[in-house]
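These are the residues of each chain, in order.
Number of protein chains: 2
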Amino acid sequence: MYRHATIQQWKVPEPTLRRLPWYLAFVKILKTRGETNVSSTQIAKEINIDPSKVAKDLSFVKISGKTRVGYDIDALIEILECFLGFTASHKAFLFGVGSLGGALLQDSGLKQYGIEIVAGFDVKGALSGRNINGIPVYHTSEFPQKQQAMDAKVGILTVPVEKAQEVANFMIEGGIRAIWNFTPFRVRVPDNIVIQNTSMYAHLAVMFNRLAANAE
Amino acid sequence: MYRHATIQQWKVPEPTLRRLPWYLAFVKILKTRGETNVSSTQIAKEINIDPSKVAKDLSFVKISGKTRVGYDIDALIEILECFLGFTASHKAFLFGVGSLGGALLQDSGLKQYGIEIVAGFDVKGALSGRNINGIPVYHTSEFPQKQQAMDAKVGILTVPVEKAQEVANFMIEGGIRAIWNFTPFRVRVPDNIVIQNTSMYAHLAVMFNRLAANAE
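Chains G and A supply the protein sequences, listed in that same order. According to this note's numbering, the stretch in the first sequence is residues 147 to 362, in order. According to this note's numbering, the stretch in the second sequence is residues 147 to 362, in order.
Calculated from the structure, these hints are not laboratory results. It is possible that some hints are incorrect.
[Claimed, not checked] Below, a list of computed lysine-lysine pairs in the BS3-like style, where the Cα atoms sit at most 30 Å apart:
1) G:157 / A:191
2) G:157 / A:199
3) A:309 / G:199
4) A:202 / A:191
5) G:257 / A:270
6) G:309 / A:257
7) A:199 / G:309
8) G:174 / A:309
9) G:270 / A:174
10) G:191 / A:309
11) A:208 / A:237
12) A:309 / G:177
13) G:199 / A:157
14) G:174 / G:157
15) A:257 / G:270
[As the list claims (entries may be wrong)] Here are some chain G residues pointing at chain A (derived, C-beta under 10 Å):
16) 175
17) 300
18) 338
19) 344
20) 356
It should be emphasised that the depicted structure is a prediction, and the values quoted were computed from it without experimental measurement. All C-beta atoms, glycine included, are put in the ideal place defined by N, C-alpha and C.
Full structure from sequences and hints, please.
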């Protein structure tokens with residue numbers, strides 16, 4: 147009954163958007179345990195953050211709970227998944243079919259989160275015409291032509307770091323509107339282009355430092 | 147000449163640890179261009195942050211630049227990589243050889259950032275005894291025994307979300323000291339255990355929302 151809800155068309159604060167998937171994950175677990183209702187207090191306790199923050203985050207989603215009963219879990223899952231864009235299918239091109247890029251092509255689980263990688267691009271001639279996990283790989287020069295047919299809005303950036311800016315520019319010129327950057331380089335983009343950095347290596351740096359500090 | 151430097155044994159502020167890999171990436175690019183020196187102002191301009199912040203971040207690394215000349219690029223790369231723990235080899239076990247877990251086993255590039263996945267574990271019997279990208283996969287029940295032989299400090303968590311807490315507890319009981327969590331679940335750990343969350347799905351949620359907002 148919520149299937150006609152769509153992803154929100156206005157900017158939701160980034161911290162809220164980062165926390166909502168945590169709530170979604172927790173509520174999905176409750177569902178597997180046979181629960182039917184959940185309160186914002188219960189979510190707050192589990193996630194270990196302030197209950198008023200949870201209530202405020204959920205107010206963006208515009209789902210109403212009932213006093214003493216809380217939210218209906220099925221409805222909450224459906225609405226959250228839709229709100230977060232996970233039920234849509236966002237076509238994506240992946241640039242740089244190296245070690246990490248090839249690995250991401252293998253990760254079929256991304257589809258459940260609203261992203262469908264429809265093609266990979268690489269400058270290595272030997273990769274062109276190959277097929278990884280059902281996804282075709284083309285030479286980078288074929289991107290403008292493939293884009294005409296496929297109109298992908300998302301570009302995944304997994305090229306070597308020294309090519310990051312150049313390939314990002316190329317993606318944007320070809321019509322990519324959002325860049326998911328896995329390189330450790332801070333790519334610069336115009337204001338109307340969305341960029342999200344998944345800094346795996348920065349997370350490792352923090353982890354190693356904390357490990358060494360704890361070992362003292 | 148810097149090879150005896152070790153990862154810092156005290157807690158460096160997390161924002162600093164997250165920015166240093168950006169500087170490293172940029173300086174490596176300068177090196178490929180044949181540059182030999184770089185100033186903190188130059189780094190600040192490229193990364194688009196305050197020069198005083200760059201100088202402060204680099205003060206943790208204890209490398210000294212020369213007035214008007216700046217930092218020696220080769221030395222800066224070597225010291226930063228060492229400081230960030232990327233030159234060490236941290237043994238890691240991966241738990242949950244599903245779509246994302248299997249993909250991470252394929253990503254040989256992680257080695258360059260100081261992490262070496264030495265084994266994967268999964269409860270699916272069909273995976274046991276398999277070998278992915280040269281990395282053996284065992285049944286999860288074999289973890290305590292393999293840990294005795296391998297003594298891995300890092301555990302990569304890529305299990306289904308409803309198993310995340312249970313497997314995290316199991317990892318910690320078995321001697322894992324740092325958890326790299328790729329699930330969208332907020333895992334709870336004791337104070338002496340390091341946790342880093344790589345929230346790929348949260349990044350997607352932000353990206354989709356901004357894309358929709360920009361399309362208005």
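Quick rundown of the hints versus the structure:
no.: 1; hint: G:157 / A:191; in the structure: 28 Å, holds
no.: 2; hint: G:157 / A:199; in the structure: 29 Å, holds
no.: 3; hint: A:309 / G:199; in the structure: 26 Å, holds
no.: 4; hint: A:202 / A:191; in the structure: 15 Å, holds
no.: 5; hint: G:257 / A:270; in the structure: 22 Å, holds
no.: 6; hint: G:309 / A:257; in the structure: 20 Å, holds
no.: 7; hint: A:199 / G:309; in the structure: 26 Å, holds
no.: 8; hint: G:174 / A:309; in the structure: 12 Å, holds
no.: 9; hint: G:270 / A:174; in the structure: 22 Å, holds
no.: 10; hint: G:191 / A:309; in the structure: 19 Å, holds
no.: 11; hint: A:208 / A:237; in the structure: 27 Å, holds
no.: 12; hint: A:309 / G:177; in the structure: 14 Å, holds
no.: 13; hint: G:199 / A:157; in the structure: 29 Å, holds
no.: 14; hint: G:174 / G:157; in the structure: 25 Å, holds
no.: 15; hint: A:257 / G:270; in the structure: 22 Å, holds
no.: 16; hint: 175; in the structure: 5 Å, holds
no.: 17; hint: 300; in the structure: 7 Å, holds
no.: 18; hint: 338; in the structure: 6 Å, holds
no.: 19; hint: 344; in the structure: 5 Å, holds
no.: 20; hint: 356; in the structure: 4 Å, holds
Going down the numbered hints, you'll see the structure goes against none, and every one checks out.
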